[in-house]
Every structure is written in C-alpha cells, then in structure tokens.
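Trainee: Spelled out from the first residue to the last, the chains are:
2 protein chains.
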Amino acid sequence: MVDAIVLEDALKVVRLFLEQEQIEEAVDYIRGLHPSDAAEVLARLEPEERLPIIRRLSSEELADIVERMDEDDMAAIARQMQHERLVHVLERMEPDAAADLLGEMPDVEKATLLAEMADAGEVAPLLEYPPDTAGGIMNRVGPMLRRHMTVAEALEFLRRHYKDERELYYLYVLDRHGRLVGVVSLRSLILADPHQKIEEIMNPEVITVPADMDQEEVARLLARYDFLALPVVDEENHLLGIVTVDDVIDVLEEEATEDIYRLAQMSEHSEIFSPIRQALANRLPWLVVNLFTAFLASAVVSLFESTIARAAVLATFMPIVAGQGGNAGTQTMTIMVRSLALGELDVQDMWRALRYEVLVGLLNGLAIGLLVGLVAWVWKANPMLGVVIALAMIGNMLAAAVAGVVVPLVLKMVRVDPALASSIFVTTVTDVCGFFFFLSLGSWLLL
Amino acid sequence: MVDAIVLEDALKVVRLFLEQEQIEEAVDYIRGLHPSDAAEVLARLEPEERLPIIRRLSSEELADIVERMDEDDMAAIARQMQHERLVHVLERMEPDAAADLLGEMPDVEKATLLAEMADAGEVAPLLEYPPDTAGGIMNRVGPMLRRHMTVAEALEFLRRHYKDERELYYLYVLDRHGRLVGVVSLRSLILADPHQKIEEIMNPEVITVPADMDQEEVARLLARYDFLALPVVDEENHLLGIVTVDDVIDVLEEEATEDIYRLAQMSEHSEIFSPIRQALANRLPWLVVNLFTAFLASAVVSLFESTIARAAVLATFMPIVAGQGGNAGTQTMTIMVRSLALGELDVQDMWRALRYEVLVGLLNGLAIGLLVGLVAWVWKANPMLGVVIALAMIGNMLAAAVAGVVVPLVLKMVRVDPALASSIFVTTVTDVCGFFFFLSLGSWLLL
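Read top to bottom, the protein sequences are chains R and C.
Heads up: the first sequence is residues 1048 to 1494, going by my numbering.
Heads up: the second sequence is residues 1048 to 1494, going by my numbering.
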C-alpha cells in the first residue's frame, strides 16, 4: 500500500539531485513516480531545470508523462523538444492527448507534425472540432461488440484483440451499418451468464451527445447520470468517440476556475506565476474597463461638488452607501451566475427571481439602512443625516437587487457568459445609483 | 438511442398533468424518466405539488430516485413521508445515500430510524465519520478477491455471489487477515488470460486514503490519478469503504460553489429561491460585518472633512482610487485563493508570490495612475490634482498587491478557509489605504 506522494516533497528531491549535478539520479527518481506525479513535477520545474531530464527520458516515458499534463504545460515541454523527438513522443501519446497538444501549435507546425506522424489517422479527426466541444475533448472508441455475440464470445474477442487496451469504460454495440444500438458496462459483462447474448444484457437506450455540444453541457450531463463515459455520435448515429469521466472532471474544474476568475474581473487564462507580461495582459484591460465605469460614478459625484463643499460630512458616508450596495448586488449576481452555470436557473425564471430578490433587497435595505442611519445620527449628532443615509441605503439595495438579477439573465439571453461581464455592470449600477440617491437626498434635506 | 431530456420540459409536463388532476399520468410519466431526471423533477416541484406523487410511488421507486438527490432535497422529501414509509425507503437505498439522508436528521429521529431499519448494520458505520471526510462520503465495498484465485475462478465467484451488484469499479484483493494487498481493474480482469492468478494481474501498489482525510483532498487525489475509486482504510490497512468518482464530481462541484459564494461574501449554503428567512440568514450577517469595516474607511474620510470642504473635487475622485484598488486586490486575492484550492500554491511560496504581485501591482499602478492622472488633469484643469491621484493610485495598487497575497496565505496558515474571509480584509485594506493616500496627499499638495 502506498500513500500518495506530496508533490512539494518530490519537487525538493528532484531539485536536490539537480543541484548536486546528479542528473541520472533525478531521472531515475522521476521514472519511479506515478506518471501523473511525474507530470506535475516536470511542469513545476523551471524550463532550464527540466531540459536535461527531458533529454534523458525515452520517448515512451515522455509520452506517458506528457499526456497527463494540461495543454499549457504540454506546450511548454514540447517547445523544449527537437522536432523529430516531438514526432516520436506524439506517436506514443494517446490520440486525444496528442490532439490537445497539436491544438496548441501554430498551424504550420501542426501540419508538419501531422504529416510526419505514423498514426496521424487516429489524431487528425480529433483536430476537426473546436477544443471546448464534445468533439474536442473526446477520446477514440475502444473495442466494439455485435448484438448477436454471446458474452463468452465477447470476452474471448476482447482478450484476443484488445489485450493491451489501456482505457476501457463501456463496450458499445454496433449494427451492421456501424450505427450505435446499445451499450454494455464492464460490470454487466463480468456478471452475466457466459451463454447470454450481448443484446440481452445491453442497454439499448444509450444517451448520446453530438460532437458540437459545449463541453460544459457534456460534463453536466455525465455528472447528472453518474456515467463513466458518454458516446459522441454524428447525425446518423455513428460512433465518433467517447468523452470519459476523467476528462469531465478536468472540464468542470476548468469551468469553475473560469467563472471564479471572470467574476473577479480578470481573464480566465490567469495563472499564478505566469510571465509578468501575461499577467498584465490578463488583468490590466479589465482594470481599464472598470476605470471607465468608475468615471461614471465620479461624474455623478461631480454634479454635487457644491453640496459636498457645504456638507463635507456627506463625503464621509459615500463609501458606505456605495460599498454596501455593491456587496448586496454581488451576492445576488453571484447566486444567479452560479445557478445558471449549474442548470438550476433558466432565463424564463426572471420574473420570479426579480420578485424574490427585490424582497430580499428590501429587507436587507431596511435592516442595514436602520443600522447605518442610527450610527450616523449618533456619530455626527445629526438626525437628518441618519434619515438621508437610511433612505439612500434602502434605495440602493433595491437597485442592487434589480441589477443583480437582470444583468446576468440578459447576458445569458444574448449568449454572453454571465460570469464574464456581470460584475462590472452590477457595480456600476450600485455605484451610480448609490451616489445619486445619497447626494441628491443630502442636497435636498441637509442644506 | 435517446437524447438527454430537458429538465424544464419534463417539469412542464408533470405540472400540466397535475393541473388537470391527472395524478396517475404524472406518476407514470415520472416512472418513465431516468431516476436521475426524476430526482431533479421531484426536487424542483413545490412540496404540495409532489406530495400526491410521493404517496403513489412504491418504496423501491422512491429509494431509487431519492438516493440521487443532494442532501437538502433528500431531507425535504423525507419530511413529507410518514415514519414507517421512510424506514422502508431508507432500507432500499444504497447505504451511503441512506447515511447521507440520516445525517440530515435530528439525533433522536436518526436513532429511532436506525433502530427500525432491517439493514442498519450497513449504514450505521458510515454515520461515524464527519460528512466532509473520506469516511463521510465513502460507499460500502463490493466483492473482494483473494490473491491465489485464478481469473476464471474470480469471474465464476463474482457471477455466483454478486449477480445483482449495482456498482462495481475495482476489485480489491485481501490477505487472510482482511488487509488490502492489491487492486484489480475490471478492464484487466476482462482482458486477462483465464488461467492467470489474481496476484499476477493485480496492482500491489494501491493508493489509499484514511477515513479522516478531508473530502476535497480525496477528490483532488482521485482527479490527479484519473482513478474511478479510491479505497478508504484504517491504520491496519483494513478496507473500510470506497470513494467513487461520481461522489468526487459532486464534491468538486460543491467545493467550487462554496468558494464562489464565500468569495462573494455570502454563506456557502446559499441557494436560489431558498425561503426568504434563509436567504437573509445567508446574506445579512456578511453585509453587517462589511458595514463595520466600511465604517473604518468612513472614519479615515472623516479625518479629512475640512480638506474636502475646501476642495470638494477630492470627493469626486474618491470612488476611483478606492474602487481600482479594490479591483486589483480582488484579482490578486482570487488567483491566490483558487491556486491554493487547486493545490498549485503553498504557504511556503509567500515570498515569491509577494515579489511577483508587488511587481504586477506597481506596473498596473503606473499604467492606471498615469491614465487617471491625465484624465483628472484635463477634466478639472488642475495638473496638481492629476499628480495627487496618480501617486495615490500607485500607492493603493501596491497595498492591494500586498493584501491580496498576505491575507489568503495567512488565513490558510491559521487554518481558516481563505475563500471565507479574504474578500473582506482585502477590500478593507484597499479602502482605508486608498482614501488615506489620496486625501492626505490632497490636503498636502492641493490646499
């Protein structure tokens, strides 16, 4: 029995060997790791640290490691290999991983590599589909059965022809025209009476997906039914490939990360310790867009400069009205965005969501407004200031509720990812409304 | 072949039947759905809508549906069943799902139900572990093999004794003391020569997890190695249960949702259309905590009221300095929180992260500061105002970078979920620093 290794420890061991110039020992240590761990360690080493290791690993070993990396890391390693070596490694990788790596390459290089690969026929079809669709993430299909085989014949067939099959999730049953007619789980193949026919144990109601289905939709479907794989078919129901549960886990993680980064207003490609130039490209444009909307809020405040000059205490409470509205709007927006992503909410629920969130906003506004109003009254010994801030708070909480519901749902309607742009619109609304409510009430009631 | 149904459509069909009081038709329609879909539909119906349906489904049918729901939905349905009926349904559910449902019950009711259940012996041990650990999410183990069996014997043994086994991922091999010594995949059992011994085809290096390992750590481990299940063992390596890939997907989704909601400063239990009282409990306390930190920012502004009274233009630019700092701090903090969650970052990387983010912050600050300074100069025809705002912006971007790195990593060190409390500390720092830098520079250079 073994415990999973701690990656940080493995990384330290490798670096220790490298520092003492014991390259062979480092390579042997990496050979001894599970390929998934070796992939993580290689990906985390600096390019110049891993170069001597890459050079010493065989093409088989490298293929086994590289196919477990994500696309960015694959591409980084590929850039460190000579052209001929890369062809050898690609030939030894699982076709879907090879396709992922080739997808990261410039078109010319991709074409050259494909032309030189011995088994390009398995990889090329996978490159036809956009990377974030069922076709883009599917793997090649393994062995297929016929409905009139017996279980014993099927087992014999598999043992004879697919001895070295590395990945096996379900067995698909085809008719004579190569169309999918059923699916058999490994479990039912093992547990069935050897004399039974495949058609007796197969499930004829196979849930399939088209090649152009969005990868997130495929992932949610597989998760909903607790499947280990989903078959991808064309319009005539020919089996094109399968999407497997391990790829689905990667998709769900990737989509969650994408939403988290987009909600925080940065590129979904953000990554810790990426080159500085990349980090700026991932963040600065979002800050600039935010800046323009912040100027809208400033413009509102600017209208009231003469009011503020006469009652500077208003400036003191400006951050509170806008800040609380922004927080409440973010809460509403986030629950909308996540529920849309998880398929728990649909655009047709807009009115129900609006009624619900406006009620929550009103109650939050009454509670927070009362509290802030009292504090303001006591702190500045000014009851009317308390009234102004309380009313402004209630108004802004209602604006926050409306914006928090409407913005994500409208973005969804016009097919923009709600996670992408909701934050910016919602906080713009709460800033502009917050300052306007507060300062106009202030200039009316306090001067 | 079938396409996956659209849940909204299924829900409409059921509601149409119910409105026309065709209860039997509604029940038959639900019986015809995949149990995962039936679970979704039942969960989305209002309690009074689903009551007649629950009454008409058999205990077997209900068990098959309820075990595919999440805990909250399970508990809601269970509350609509009479005690004896609930016992029958629990007896027919998979033990791990029954344990999840019992875990939602008050202690007294849980004990009564367990006492009345016929197969409590399978369920009770699963209730011993906290719900968010490996023990809490594990399933019971299926058939187990011995190392000296041949493949043919193993297949015969499985067919004879485990014909109706519903879930089978791997076969575990035990020694005579019941300790785990190896694992055989269904694939290798199918593809092996029938005369081979199990010990020849088993993998003796089984990666195991302890029952008290956090569920998120278990999930990441399974995902890292692309396993379909992970065995949970005690200290003597006795097999206690298995965590399966479908549960891991649920855990990863749940943890992502938790992080998204916590980053948006609301309870991780937030759910769309939960009862209003619940929604307020999930959101209002966070708004109140935020309010107290917002008063810190107000207090800073308050110090400068006399400055603002003489140069009210400062109030106009207050939202920009604080807002941009808040956005930049949120970007840094979010990348830290997500990288910590995905295991790509560790607390020992603090210095490297700090150097990196301070550099990004400085460059962002220079770019944004220059831009805002120019706009302020032109808009208000006041070059010194431009200088003040540019300097304040650079200072606040640096504060944002430091807070964005230090806050999540320190929370992680003291074992608080960084997603839980980072937002509030980071925006407090950027508000307080932003206002202080801007207003103190303003009172020095503009008056």
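No lab work stands behind these hints: they were computed from the structure.
Among the hints, erroneous ones may be present.
Repeated chains share a single entry, so a pair holds when one copy, or any two copies, can fit it.
[As the list claims (entries may be wrong)] With a straight-line cut-off of 30 Å between C-alpha atoms, the simulated DSSO-like cross-links for lysine-lysine are:
#1 Lys1427 x Lys1059
#2 Lys1059 x Lys1459
#3 Lys1059 x Lys1244
#4 Lys1210 x Lys1244
#5 Lys1244 x Lys1427
#6 Lys1210 x Lys1059
All figures in this text were calculated on a predicted structure; none of them were measured in a lab.
Trainee: Which of the numbered hints are not met once you compare them with the structure shown?
Mentor: Going through the list in order, the structure violates hints 1, 3, 5 and 6 and respects the others.
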